[in-house]
Amino acid sequence: MPWNPEADVVEVVRGPRKAGGAGGLYRAFGETLRGLKTTFNQLARVGVTTVQYPEEKIPVFPRFRGRHRLHRFEDTGLEKCVGCSLCAAACPADCIRVVAAENTPENRVSAGERYAAVYEINLSRCIFCGYCEIACPFDAITMGHDFELSDYNRSDLIFTKEMLLAEPAERTPLRTEDE
Amino acid sequence: MTHLVEVLATPLAVVGYAEPWWMAIAKSLVIFAVGLQLVPLVLLMERKLLGRFQNRFGPNRVGPFGLLTPIADIVKLLTKEGFRPRTSIGWLFALAPVLSIMSAVAVLAILPFGNVQDIFGTPTGLYGIDVSIGPLFVFAFGAIAFYGIMLGGWSSGSKYSFLGSMRAAAQLISYEAAQGMALIGVIITAQSMSLTEIVEAQAGMWYVVPQIFAFLIFMVASFAETNRPPFDLVEADAELVGGYMTEYGGGRFATYFFAEYLNIIVISGLTVTFFLGGWMLPFGIDAPGWVDPLVVIGKLMVFVFFFIWIRATLPRLRYDQLMSFGWKVLLPLATLNTLVTAIVVTV
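For the record, the sequence lines run as chains P and U.
If you read the first sequence in our numbering, its first letter stands for residue 196, the second for the next number, and so on.
If you read the second sequence in our numbering, its first letter stands for residue 16, the second for the next number, and so on.
Please keep in mind that the hints were generated in silico from the structure rather than gathered at the bench.
The beta-carbon is built from N, C-alpha and C at its ideal position, and this holds for glycine as well.
Hints may be right or wrong, so weigh each one.
To be verified - Pairs of lysine-lysine residues, derived as DSSO-like cross-links and limited to a Cα-Cα distance of at most 30 Å, are as follows:
hint, chain 1, residue 1, chain 2, residue 2
1, U, Lys95, U, Lys174
2, P, Lys232, U, Lys174
3, U, Lys63, P, Lys232
4, U, Lys63, U, Lys91
5, U, Lys63, U, Lys95
6, P, Lys252, P, Lys356
7, U, Lys63, P, Lys252
8, U, Lys174, U, Lys63
9, P, Lys252, U, Lys91
10, P, Lys275, P, Lys356
Claimed, not checked - Now the in silico label distances, taken between C-beta atoms and shown as ranges:
hint, chain 1, residue 1, chain 2, residue 2, range
11, P, Tyr248, U, Leu44, 41 to 47 Å
12, P, Gln247, U, Val359, 25 to 31 Å
13, P, Thr227, U, Val90, 36 to 42 Å
14, P, Asp373, U, Phe47, 22 to 28 Å
15, U, Val113, P, Thr227, 35 to 41 Å
16, U, Glu212, P, Leu231, 32 to 38 Å
17, P, Gly225, U, Trp106, 47 to 53 Å
I would like the entire structure built from these sequences, with the hints used as guidance.
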């Protein structure tokens, strides 16, 4: 603690102390030399802490919330999403748009009664909070690991159902358990 | 009237030998070609070393090990639009960077890189010109450099530029006094104002030993004169955006930038000349003449490294600290040093 908690009077320093004269000059000079030594030690040290980003990437944790993914049932290949719009309702940024349609025996898209005819996520609005993932009763939407989402065009950042369903190119390394 | 004619007829430089005109041209071309090539080198060196000081790589994208980064920088700056604020004063705004770089280049002309050599049978001094008023020449052009900064800030018509140039004015004037005072000790010891004679007078012992206080004062004042950290209040980015060059961009900014780094090289060269025996090697090693410029550039680079090292270490001073340090510490010390030197030399 910089002050004595039991003291009755706490001395308050207002403004800089009086210059220390010759002693102060000597101290300032000494401290400067000490600082120079510290920085020189850093210079002499081998190795850098920089990650060369586009070539090297820091692996993400499994719970990292990146770009969304929509899922299918592995056995039947049907979409898990039933077009209930709960994700759109949960979304605080209002970036999900779902238009549902009825499944018919000829055209069965999802396992439920209805399916999402349109499923769009506007990633330029998304805040990656993960509420959609929590709201989904069928685990149809989850947060993936991709974070490299820049584009030249705003309209290119509106991801459609096909883009979200597609197996993403694994561009993001995942952290292993011992990392 | 006759007196005036006599004064005007006195040559600016007193040289003990005749130099053909073609040699003067060749010499100046070589000096400026080599001197100006040092600038991109120092630029890259600074960024690389700062990177290493902070445990990063520094620029490493353009060319092998980032060696082409300064070229990319310069090309980028020169291809930018020559913008000028509506409130600025046009011709002054354009003139200011020119003044700045002109004064920096001018001092390069008197920097001695070596003694008189025989080149193609012609005795040639390895310097642009050996003026008999060396330090005065330096300070005269230093004063013009100050106009470059002052006019640049003032003619921009922006308050940050104006504040930056006001600071520059105060800082340069305060530290030039201490710097000049420190050099008087050297001049008294060498009993000459010619830079080559000052170097030759250091044959026995470099002035960094007997004039150690002058050396330290000169170094500190040089940091202030070149607006380098910890005295970079002129362009304190955190509080003044960019100081006097806030409104500058493109080629004009490049000119200022170039002048700043050239100033570092020049001031390092002057330190080498005044205090570290110029082209001489230590311990009386007698090297052949062609080594001289390499020795000067080598010593100069050590000082450039020191400039960068200081930048990586010390934080910026507060403005009142800067002023009180210049006037209350450096100037009295420099004066005292001059006084003591004068007494010692006379007695």
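Here is what the structure says about each hint:
1. U:Lys95 x U:Lys174: holds, 24 Å
2. P:Lys232 x U:Lys174: Since the Cα atoms of lysine 232 of chain P and lysine 174 of chain U sit roughly 39 Å apart, the hinted pair is violated (cutoff 30 Å).
3. U:Lys63 x P:Lys232: Holds, because 19 Å separates the two Cα atoms, which is no more than 30 Å.
4. U:Lys63 x U:Lys91: The hint holds at about 19 Å.
5. U:Lys63 x U:Lys95: At roughly 25 Å apart (the allowed maximum being 30 Å), lysine 95 of chain U and lysine 63 of chain U satisfy the hint.
6. P:Lys252 x P:Lys356: Between lysine 252 of chain P and lysine 356 of chain P the Cα gap is close to 28 Å, so the pair holds against 30 Å.
7. U:Lys63 x P:Lys252: With a Cα-Cα distance of about 23 Å, the restraint between lysine 63 of chain U and lysine 252 of chain P holds, given a limit of 30 Å.
8. U:Lys174 x U:Lys63: violated, 33 Å
9. P:Lys252 x U:Lys91: holds, 29 Å
10. P:Lys275 x P:Lys356: Since the Cα atoms of lysine 275 of chain P and lysine 356 of chain P sit roughly 12 Å apart, the hinted pair holds (cutoff 30 Å).
11. P:Tyr248 x U:Leu44: 41 to 47 Å: holds, 44 Å
12. P:Gln247 x U:Val359: 25 to 31 Å: Taking Cβ atoms as reference, glutamine 247 of chain P and valine 359 of chain U lie about 58 Å apart, which means the hint is violated.
13. P:Thr227 x U:Val90: 36 to 42 Å: holds, 38 Å
14. P:Asp373 x U:Phe47: 22 to 28 Å: Hint violated: Cβ distance 60 Å, outside 22 to 28 Å.
15. U:Val113 x P:Thr227: 35 to 41 Å: Since the Cβ atoms of valine 113 of chain U and threonine 227 of chain P sit about 36 Å apart, the hinted range of 35 to 41 Å holds.
16. U:Glu212 x P:Leu231: 32 to 38 Å: Since the Cβ atoms of glutamate 212 of chain U and leucine 231 of chain P sit about 34 Å apart, the hinted range of 32 to 38 Å holds.
17. P:Gly225 x U:Trp106: 47 to 53 Å: holds, 50 Å
Against the hints set out earlier in the document, violations occur for numbers 2, 8, 12, 14.
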